[in-house]
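Using the hints, position chain G against chain P.
First to last, the sequence lines map onto chains P and G. At position 51 of the first sequence the residue is numbered 51 (the numbering used here), and the sequence of numbers has no breaks. With the second sequence counted from 1, adding 248 to any position gets you the numbering used here.
Hint data in this document are derived by calculation from the structure and do not stem from the laboratory. Ideal Cβ positions, reconstructed from N, Cα and C, are used throughout, including at glycine. Some hints here could point you the wrong way.
Unchecked claim - With beta-carbon atoms standing in for the labels, derived distance ranges:
1. P:T51 to G:S530: 34 to 40 Å
2. G:T388 to P:D245: 27 to 33 Å
3. P:T126 to G:A534: 48 to 54 Å
4. G:E309 to P:T126: 48 to 54 Å
To be verified - Residues from chain P that face chain G, not an exhaustive set, calculated with beta carbons under 7 Å:
5. Q6
6. A8
7. V22
8. P25
9. G31
10. K32
11. S44
12. L45
13. P81
Stated by the list, open to error - Footprint (simulated), chain P over chain G, 3 or more residues, beta carbon under 8 Å:
14. 292 to 301
15. 464 to 474
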Amino acid sequence: MAAQSQFAQALLDPAQPVPEGVIDPEGRPAGKRFDVYRNNVVVSLLDAMETAFPVIQKLIGAENFRNLAGLYVREHPPASPLLMFYGEDFPAFLQGFTPLSHVPYLADVARLELMRRSAYHAADTTPVAADALAQVAPDKLMDLRLTLAPSLRILTSAYPVVAIWNYNMLPDAPKPPATSQTTLITRPELDLEMQEISPDMAAFLGSLQAGNTLGEALANATTNDTAFDLTAGIVLMLQHGLIIDILS
Amino acid sequence: MLDAQSIRPDQVPNRAGVGYKAQHLDDILQNPDSIGWIEIHAENYMGDGGRPIAQLRHLRERFAVSCHGVGLSIGAEGPLDQDHLNRLKKLVDWLEPGLFSEHLAWSTHDSHFLNDLLPVPYTQATVDRVVAHINQVQDTVGQQMLLENPSTYVAFEESDRTEIAFLSEVASRSGCGLLLDVNNVFVSATNQNYSPEGYIDAFPTDLVGELHLGGHEEDADDFGATLLIDSHSRPVVDPVWALYEYTLAKAGPRPTLIEWDNDIPEWDTLATEAARADRLLSSVAARAD
Numbered sequence: 001m002a003a004q005s006q007f008a009q010a011l012l013d014p015a016q017p018v019p020e021g022v023i024d025p026e027g028r029p030a031g032k033r034f035d036v037y038r039n040n041v042v043v044s045l046l047d048a049m050e051t052a053f054p055v056i057q058k059l060i061g062a063e064n065f066r067n068l069a070g071l072y073v074r075e076h077p078p079a080s081p082l083l084m085f086y087g088e089d090f091p092a093f094l095q096g097f098t099p100l101s102h103v104p105y106l107a108d109v110a111r112l113e114l115m116r117r118s119a120y121h122a123a124d125t126t127p128v129a130a131d132a133l134a135q136v137a138p139d140k141l142m143d144l145r146l147t148l149a150p151s152l153r154i155l156t157s158a159y160p161v162v163a164i165w166n167y168n169m170l171p172d173a174p175k176p177p178a179t180s181q182t183t184l185i186t187r188p189e190l191d192l193e194m195q196e197i198s199p200d201m202a203a204f205l206g207s208l209q210a211g212n213t214l215g216e217a218l219a220n221a222t223t224n225d226t227a228f229d230l231t232a233g234i235v236l237m238l239q240h241g242l243i244i245d246i247l248s
Numbered sequence: 249m250l251d252a253q254s255i256r257p258d259q260v261p262n263r264a265g266v267g268y269k270a271q272h273l274d275d276i277l278q279n280p281d282s283i284g285w286i287e288i289h290a291e292n293y294m295g296d297g298g299r300p301i302a303q304l305r306h307l308r309e310r311f312a313v314s315c316h317g318v319g320l321s322i323g324a325e326g327p328l329d330q331d332h333l334n335r336l337k338k339l340v341d342w343l344e345p346g347l348f349s350e351h352l353a354w355s356t357h358d359s360h361f362l363n364d365l366l367p368v369p370y371t372q373a374t375v376d377r378v379v380a381h382i383n384q385v386q387d388t389v390g391q392q393m394l395l396e397n398p399s400t401y402v403a404f405e406e407s408d409r410t411e412i413a414f415l416s417e418v419a420s421r422s423g424c425g426l427l428l429d430v431n432n433v434f435v436s437a438t439n440q441n442y443s444p445e446g447y448i449d450a451f452p453t454d455l456v457g458e459l460h461l462g463g464h465e466e467d468a469d470d471f472g473a474t475l476l477i478d479s480h481s482r483p484v485v486d487p488v489w490a491l492y493e494y495t496l497a498k499a500g501p502r503p504t505l506i507e508w509d510n511d512i513p514e515w516d517t518l519a520t521e522a523a524r525a526d527r528l529l530s531s532v533a534a535r536a537d
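Chain P with its partners taken away, still in its complex shape:
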């Protein structure tokens, strides 16, 4: 076990010497030859981070991003060969990185980028027919549990993350307002859709996603003084093909 441990540690830590017994064809220590592996590992992971977090890269600049991601990839090498999901600890890393504490929304923007990625690769599903809920007897409606599409993602943030994402990725998107935003990500077919939703809509969808009945979700989405608009919730789910099964 020792040889590959030593090799792996030296790959991620340039301060460590070339592992013992790793040589050139003349039997001399490998030096720059070993650095090829060091470079391959770090550069390929930096490329994976750039693919994963294009908005973070725009927000802090390409060079800053490369330096920051360089710290990240050495501290948090991937735990899986599926690099399409790499970077899952990056939001927490950003949150703990004090030199960037004056840009407090970075962590949530990184969360949004990760959610978009996982939604993009989520399982393909077929929504129920638009009139499926209409077939249910009215007195049974509140007892239903709905299976929602596995690509559905919700992000609640104190920052205007949808607007920040749009401003950096879409031409002609307006400047982000100074407000909190709750984001809904859906994938009706193969393309992602993203929009801002109200916090009570997020509570409603999140409650259904957690396996609660429609009645329970309605209660969870109803704050002290305002009843949740159940019709609006159902319309939104049908519009985005979010209901994939109805369990009575």
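Only chain G this time, still in chain P's reference frame:
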């Protein structure tokens, strides 16, 4: 759009294929006859669904596919990742690739995936470990694996046999086939100071199920010796084309992949490389007739 010509070929033909990149999808669908098959990196299609898998299902109706793993870590000292093997099995089950290959290398250690093809010492202990891992892979996936010769930049003091002796014993004990990457031969031969033609002469070419061609970069080591780096970022260089012809003369025609994974060019550039391999393949096939 392809439905009318859905032919779903299984066997990878003795023609040139390319590593599939999503930006080339439209070009490939418009010129399907410009390549004989496609190769995919298995790990890119291990999500649960979405566009990458939808595109690959579509392409599979028209093309034979070679499934090339880059994450199994066959040469690791530790055990293989069973979850990853199961994902591979799931992919192979629906994709039904005509060829399936992995590398003589390791990339995972202590559950850290290092995303490079790292070298192994050529010893009996490594042979035994690699054979055990390949047996496990072939038993799980239910298909023969082709093991690819690596590009190497370093050597190990403890190595006590040649790469070819190593690969030959692994193949004969595990029943795996071999993927002969001609560019890797050229890169390793330059970096390790041996003759690339001598390597081909000694290689058990009857076990070769697929050939790879790719571009490399040139650098120098601490002592000024040429150090070639397998970058898959450039056209195949003329000496590698010459070594490819030398290989075909000995091995006969084999499915040949143009690998281009970084600084990916326009389709025409890639198709031109594939056409060059195709010309050499048909001339060697004609000579054999």
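Hint check results:
no.	hint	in the structure
1	P:T51 to G:S530: 34 to 40 Å	holds (38 Å)
2	G:T388 to P:D245: 27 to 33 Å	holds (32 Å)
3	P:T126 to G:A534: 48 to 54 Å	holds (51 Å)
4	G:E309 to P:T126: 48 to 54 Å	violated (21 Å)
5	Q6	violated (10 Å)
6	A8	holds (4 Å)
7	V22	holds (5 Å)
8	P25	holds (4 Å)
9	G31	holds (4 Å)
10	K32	holds (5 Å)
11	S44	holds (5 Å)
12	L45	holds (6 Å)
13	P81	holds (3 Å)
14	292 to 301	holds (count 9)
15	464 to 474	holds (count 6)
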